[in-house]
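> So the chains spell out like this:
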Amino acid sequence: MKALKFIFSGMLFGIIMIKSEAASWYRIQEMFRFQSFHMYGIISTAVLIGVLSILIIKKLKINDISGNKIVFPIKERGWRRYLLGGIIFGLGWALTGACPGPMFVTLGYGYLMMATVILSALAGTFCYGLLKDKLPH
Amino acid sequence: MIEFISQPWPWYVSGFLIAFVMILMILFGRTFGLSSNLRIICAACGAGKYSNFFDFDWRSQKWSLLFLAGAVLGGWISATFLIGDLPLQLSEATIADLATLNVQFDGALNPSQLFNIEFLLTIKGFILFIVGGFLVGFGTRYADGCTSGHAITGLSNLQLPSLIAVVGFFIGGLICTWFIYPLIF
Chain A
2 MKALKFIFSG
12 MLFGIIMIKS
22 EAASWYRIQE
32 MFRFQSFHMY
42 GIISTAVLIG
52 VLSILIIKKL
62 KINDISGNKI
72 VFPIKERGWR
82 RYLLGGIIFG
92 LGWALTGACP
102 GPMFVTLGYG
112 YLMMATVILS
122 ALAGTFCYGL
132 LKDKLPH
Chain B
317 MIEFISQPWP
327 WYVSGFLIAF
337 VMILMILFGR
347 TFGLSSNLRI
357 ICAACGAGKY
367 SNFFDFDWRS
377 QKWSLLFLAG
387 AVLGGWISAT
397 FLIGDLPLQL
407 SEATIADLAT
417 LNVQFDGALN
427 PSQLFNIEFL
437 LTIKGFILFI
447 VGGFLVGFGT
457 RYADGCTSGH
467 AITGLSNLQL
477 PSLIAVVGFF
487 IGGLICTWFI
497 YPLIF
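Taken in sequence, the protein lines are chains A and B. FYI, the numbering for the first sequence is 2 to 138, going by this note's numbering. FYI, the numbering for the second sequence is 317 to 501, going by this note's numbering.
By construction, these hints were calculated from the structure, which means they are not laboratory data. There could be a bad hint or two in this list.
Unchecked claim - Across the chosen pairs, the derived CB separations fall in these ranges:
#1 65(A) / 328(B): 22 to 30 Å
#2 318(B) / 78(A): 45 to 53 Å
#3 71(A) / 360(B): 21 to 29 Å
#4 137(A) / 428(B): 18 to 26 Å
#5 135(A) / 399(B): 46 to 54 Å
#6 53(A) / 375(B): 28 to 36 Å
What the hints assert, rightly or not - Once the Cα atoms are required to be at most 20 Å apart in a straight line, the calculated SDA-like pairs of lysine to any residue come out as:
#7 3(A) / 345(B)
#8 378(B) / 5(A)
#9 378(B) / 78(A)
#10 6(A) / 369(B)
#11 378(B) / 4(A)
Glycine included, C-beta positions come from ideal geometry on N, C-alpha and C.
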């Protein structure tokens, strides 16, 4: 049961990525060319609902299902890693048309060659782990 | 019902549901973020021997891998049970732009012209998928998050670092689309 709720949430996420077409290389190209509101609409609706929901959770001091206080992760201050890392990810996002979630979702959808993209992404994460102390953060 | 779900979803429905998944994960006492799975998989494969970045108790993050497995399953379910008859409604302007790069719009989720093994083995395919995948893996960890962790979770929690990361995503994406694509194709 414990495991099932995470698998179910992931499954829902996977279906959303396909049916919203957010996992489409075409849609990502369209977004970076500012030729449709589609992707911007998805992200801004999600953020708007997200901001309101988190505000409500904080105001009403809602606990999680185990009864624990919900702690929202605070991102470390600074800007270098976010800007530089963000730019590097953005380059890869436009090339592959897939961010980390959709990579796995489209693999399940039947694009078996996505397995090589996932392996490359793992190699990228591994290299970051090796180089991290030498990079500006 | 299945027919209704099988149509492409309007952006407001999709956006609402993405927020729903994020809230679900928060209520489960976890967070919504996909790219950390890449680090967890590296750790599970023994990368902790090479860098302390991967030297952590990855088993405590199993829930995240279960979510990821669910996402793969969700992709399969969409392809097997939720295929609609409508082609992707890509804007005319994008179709025309891609045509100048000799990429044809075929109405599918991804261009079949690019998403196949033969193309993967060309120089262009190498840049798109191998280099591209590497940059995604490297960049998301460097930036400490991807679209789900920063653009959705971080922005929803009003985190300034996440806004900086999202600005970075777009700088990278725009440079790639407008300056690098014409060089590749």
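> Tell me the numbers of any earlier hints that the structure contravenes, in ascending order.
4, 9 and 10
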